[in-house]
Structures are given as C-alpha cells and as structure tokens.
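Student: If you read the protein sequences in the order shown, they are chains A and B.
This note's numbering puts the first residue of the first sequence at 1, with every later residue one more than the last.
This note's numbering puts the first residue of the second sequence at 1, with every later residue one more than the last.
Since the hints were derived computationally from the structure, they do not count as laboratory data.
It cannot be assumed that every hint is accurate.
EDC-like, lysine to aspartate or glutamate: derived pairs with alpha carbons at most 16 Å apart [claimed, not checked]:
1. 153/B to 175/A
2. 210/B to 150/B
3. 69/A to 38/B
4. 184/A to 206/B
5. 69/A to 37/B
6. 39/A to 50/A
7. 72/A to 37/B
8. 184/A to 207/B
9. 39/A to 93/B
10. 95/B to 146/A
11. 153/B to 176/A
12. 72/A to 38/B
13. 210/B to 175/A
14. 154/B to 175/A
15. 91/A to 46/A
16. 95/B to 50/A
17. 115/A to 13/A
18. 69/A to 80/B
Each chain is listed here by its residues.
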Amino acid sequence: MTQIKLTTPLSDDVVEKLRIGQRVSISGTIYTGRDAAHKRLVELIEQGKELPFDPKGQIIYYVGPTPAKPGKVIGSAGPTTSYRMDPYAPKLYEVGLKATIGKGRRSSEVINTMKEYKGVYLTAVGGAAALIARSIKEAKVIAYPDLGPEAVHELVVEDFPVIVVNDTLGGDLYDEGIKIYAAK
Amino acid sequence: MGNDVLESFKGAYEAEVSLTGKEILQQLVKNAEIACEEKVPMCQDTGYAVIFVELGQDVRIEGGDFYEAINEGVRKGYTEGYLRKSIVSHPLERKNTGDNTPAVIHTKIVPGDSLRIIIAPKGGGSENMSAIKMLRPADGIEGVKNFVIDTVKKAGPNPCPPIVVGVGIGGTFEKAAQLAKESLLRELGEKSKYPDIAKLEEDLFEEINKLGIGPQGLGGRTTALAVHVEIYAAHIASLPVAVNLNCHAARHKEVIF
Ligand code: SF4
Numbered sequence: 001m002t003q004i005k006l007t008t009p010l011s012d013d014v015v016e017k018l019r020i021g022q023r024v025s026i027s028g029t030i031y032t033g034r035d036a037a038h039k040r041l042v043e044l045i046e047q048g049k050e051l052p053f054d055p056k057g058q059i060i061y062y063v064g065p066t067p068a069k070p071g072k073v074i075g076s077a078g079p080t081t082s083y084r085m086d087p088y089a090p091k092l093y094e095v096g097l098k099a100t101i102g103k104g105r106r107s108s109e110v111i112n113t114m115k116e117y118k119g120v121y122l123t124a125v126g127g128a129a130a131l132i133a134r135s136i137k138e139a140k141v142i143a144y145p146d147l148g149p150e151a152v153h154e155l156v157v158e159d160f161p162v163i164v165v166n167d168t169l170g171g172d173l174y175d176e177g178i179k180i181y182a183a184k
Numbered sequence: 001m002g003n004d005v006l007e008s009f010k011g012a013y014e015a016e017v018s019l020t021g022k023e024i025l026q027q028l029v030k031n032a033e034i035a036c037e038e039k040v041p042m043c044q045d046t047g048y049a050v051i052f053v054e055l056g057q058d059v060r061i062e063g064g065d066f067y068e069a070i071n072e073g074v075r076k077g078y079t080e081g082y083l084r085k086s087i088v089s090h091p092l093e094r095k096n097t098g099d100n101t102p103a104v105i106h107t108k109i110v111p112g113d114s115l116r117i118i119i120a121p122k123g124g125g126s127e128n129m130s131a132i133k134m135l136r137p138a139d140g141i142e143g144v145k146n147f148v149i150d151t152v153k154k155a156g157p158n159p160c161p162p163i164v165v166g167v168g169i170g171g172t173f174e175k176a177a178q179l180a181k182e183s184l185l186r187e188l189g190e191k192s193k194y195p196d197i198a199k200l201e202e203d204l205f206e207e208i209n210k211l212g213i214g215p216q217g218l219g220g221r222t223t224a225l226a227v228h229v230e231i232y233a234a235h236i237a238s239l240p241v242a243v244n245l246n247c248h249a250a251r252h253k254e255v256i257f
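Work out the full structure, taking the sequences as your base and the hints as a guide.
Tutor: The following block contains the structure:
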C-alpha cells in the first residue's frame, strides 16, 4: 500500500486531501498528551492563556510512554484509547490543531469538529509500542512533569506510521471495516 | 507475553482475510520480537499490577506484612524494570502514586505447603471496555451470548483487538467479575472442563469473529484470539454475567515457592 509522507506542521491543504484508510508516515515535531494534560490544556484555552506549545498545524499523540532505559530516547510508546480525550479534543481543533493520533472511536462531536475545522484523526497500532518507539528520535518533557507518564512531551519523529481513521469529510474507517468484513 | 499469544498471532495471520488485518498482525509479531530483543515492554501500558496468591494452608509467613511485601515487589519491579507508573492514589483527585502501587491482590487459601503467586498486569484500555450485567434466569444461554457479543461490539476498536474475552457466569455480582478475570489466566484457548461451557466458548468465539471488527478494529475476521468462560453456582433469582476484556498484551507470569 502506498504511503503518504507528511512533515509537521500541517497545512489545511494537506489535511483536506487525506482520506480514510490511507497510510501516512509522519516526520517532524509532534506533542504528547493524555487525560490529565488535556484537562489542563483546555483550562488554559478557556482562560484565554497561552498553551505550552503553539497548537497551530500541530499533532497531538495520545500516549503515556514507559520510562526510557539508559541510553534510549524513550521507552515503549503506543497509542492510548482516544475517546477519553473526546470531551477536550474539540477545543484543541478549534485553536488550530490539525491532527490527533490514538486508537479507538471518536465521538460524533469530535468528528463534526474535525469537519468544521479541517482536522483529521489518525491511528497507530495499539500495543505495538516497542515497534512504534523506533520512529521516535528525540523526546523531552515540555510541560507538567508532575504528571509523570502523563506529562506533555515534545517528540521528534521520523516516518512515524499511522492510518487515517476520520477525514475532513466525516468518513470513519471503523464503520467501513465492519461493513466489509461482518459476516452477512 | 507468553508463547501462546505469539502462536495465536501466527494462526490468526493465516486465517485473516483482510490485508490491513494481516499487516497489523505482522506488526504485532514484529513488535513482540523487538520487545524481547531489547528487553522493553511490548505495550507502554504496563498495567495495574493484579496479583493472585494461592497460599497453602500449611505455610506460615513471618517477618512482616505479606501485602506490604507484595507492594514492595511491585514498587521495585516497576521502578527498576522501567515500567510505566499508571496508578493514581485517589480515583477522583487522581495523583500518580509514582511507583505503580498499590497492587490489587486476590488471595485464596488452598491445601498444601506451597505459595503460588501469579502476576497479571492489566492494561486500562481493555479493562475500560469490560462490563457486568445481572440477567434474569429466564434470559438463559441466549441472554448470556447476547450480552457478551454486545460488549465486544460496543468495545469495537478500543481494547486493541485481537482480544481475549474472559467471561464469568454465576455467583454474585463481585464473584462473576472475579471469575471473568480468573478465566484470563488460562493458557490461550484452553477449553473449559465442562463440555457445555466448552461448547459455549466455541460458539461465542465463532460469533465474535463474525462481527468484522478485526485487528485494531480496522476490519477483518480476527477480533478475538480466544474466549474463556468460568462458571459458579448462582442464586435462584440471579444470572450474573461479567465480561472482562483483555487485549493481545495478555501477560501473566507465576512463581511457586
Ligand atoms: S489495551 Fe492492551 S495493548 Fe492496548 S494499549 Fe492497553 S494494554 Fe496496550
């Protein structure tokens, strides 16, 4: 299957061309965030304050990595289940975030927000955390170190492999998969 | 992860009809190889430390608090082993305890003079998709099947399929949940010793793999790697059913003293 190569930050143009089922490989800087960090990020947005990173054109990867072993950049780092971030995600897309990476379904509210604000949702293979870590070349904590594995990291990735699950047209790869493979 | 899971990936790869599904199964095998080679966790969610203790009734434990000793082991293991600390001390305040303690400890007293400790780290993604229901006795086996299949369907891609489905039927509310969790300790695909329940396991396995969810929920025939069902006596008024989902990161190890 052909792969589309993308480099962050992402423009509307590039994001709008993505379609569900496409394989994408990402290079550049991306940010991590899970439940606790999202709560804080959205509080900042609501108070009109600046975020620890500029979300415009950026990608948030829903991950809480294991600690890096000595000499390593990061530990194992696979995606966490995305629906837990659904209450927060629309606010982030509204301020310019272009993509999120996780696993599992998004709410219709998030899907609609992505349509409206030109965003996409991508999935990495859940549980393939040791494999995924190989495409992470640099990692540093840039906010909320008190949250431990939930701190916000800035990652530099190279050919980070994902699949498009929701595109800007409102398509959903999970629904399509079941349509094709459910026994009639 | 045990060899049983790795073997089942290979079997699933052969049987899978979806190309994406095959591709994902291949990645999971590769991931397991890398994890093994580099001695790093195969999944970043190294889980809640769930510990099953079988204490021989002739064993005497001296020199301190047994549960504290287990927690100390968890503390050391998760810190020295570079595992993720995924536990918050208060479910609402949510402050990380920093060392993955406390463990959830289940203790059983058994005949004999040995001590068996099983550690089964449990990931949150699949745990969150688990469910329990108090059915009516009249709902019978069909009711049980519907509830199990419905739970897997609702979970969809979230618990990182292919999954292992643990089912507990009978007992009380908490007993059913515990049975479901214990069923996950079985070697993958090991059948129930009761012929009717083994048949139920088979039927459920077949039905679940017809759902089309597939590896990672992206479509395919490999949704479950196995279905394990445990049963217990039930009250005349009740038919409790618990479904505990486990992801392909189905990990457990035991030591016997
Ligand atoms: S559900 Fe399992 S495989 Fe998936 S992220 Fe959680 S622990 Fe890992």
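Student: If a hint holds in the structure, say so; if it doesn't, say that too.
Tutor: So, going through the hints one by one against the coordinates:
no., hint, result
1, 153/B to 175/A, "holds, 12 Å"
2, 210/B to 150/B, "holds, 13 Å"
3, 69/A to 38/B, "holds, 10 Å"
4, 184/A to 206/B, "holds, 14 Å"
5, 69/A to 37/B, "holds, 14 Å"
6, 39/A to 50/A, "holds, 14 Å"
7, 72/A to 37/B, "holds, 14 Å"
8, 184/A to 207/B, "holds, 12 Å"
9, 39/A to 93/B, "holds, 13 Å"
10, 95/B to 146/A, "holds, 9 Å"
11, 153/B to 176/A, "holds, 15 Å"
12, 72/A to 38/B, "holds, 11 Å"
13, 210/B to 175/A, "holds, 15 Å"
14, 154/B to 175/A, "holds, 12 Å"
15, 91/A to 46/A, "holds, 9 Å"
16, 95/B to 50/A, "violated, 24 Å"
17, 115/A to 13/A, "holds, 13 Å"
18, 69/A to 80/B, "holds, 10 Å"
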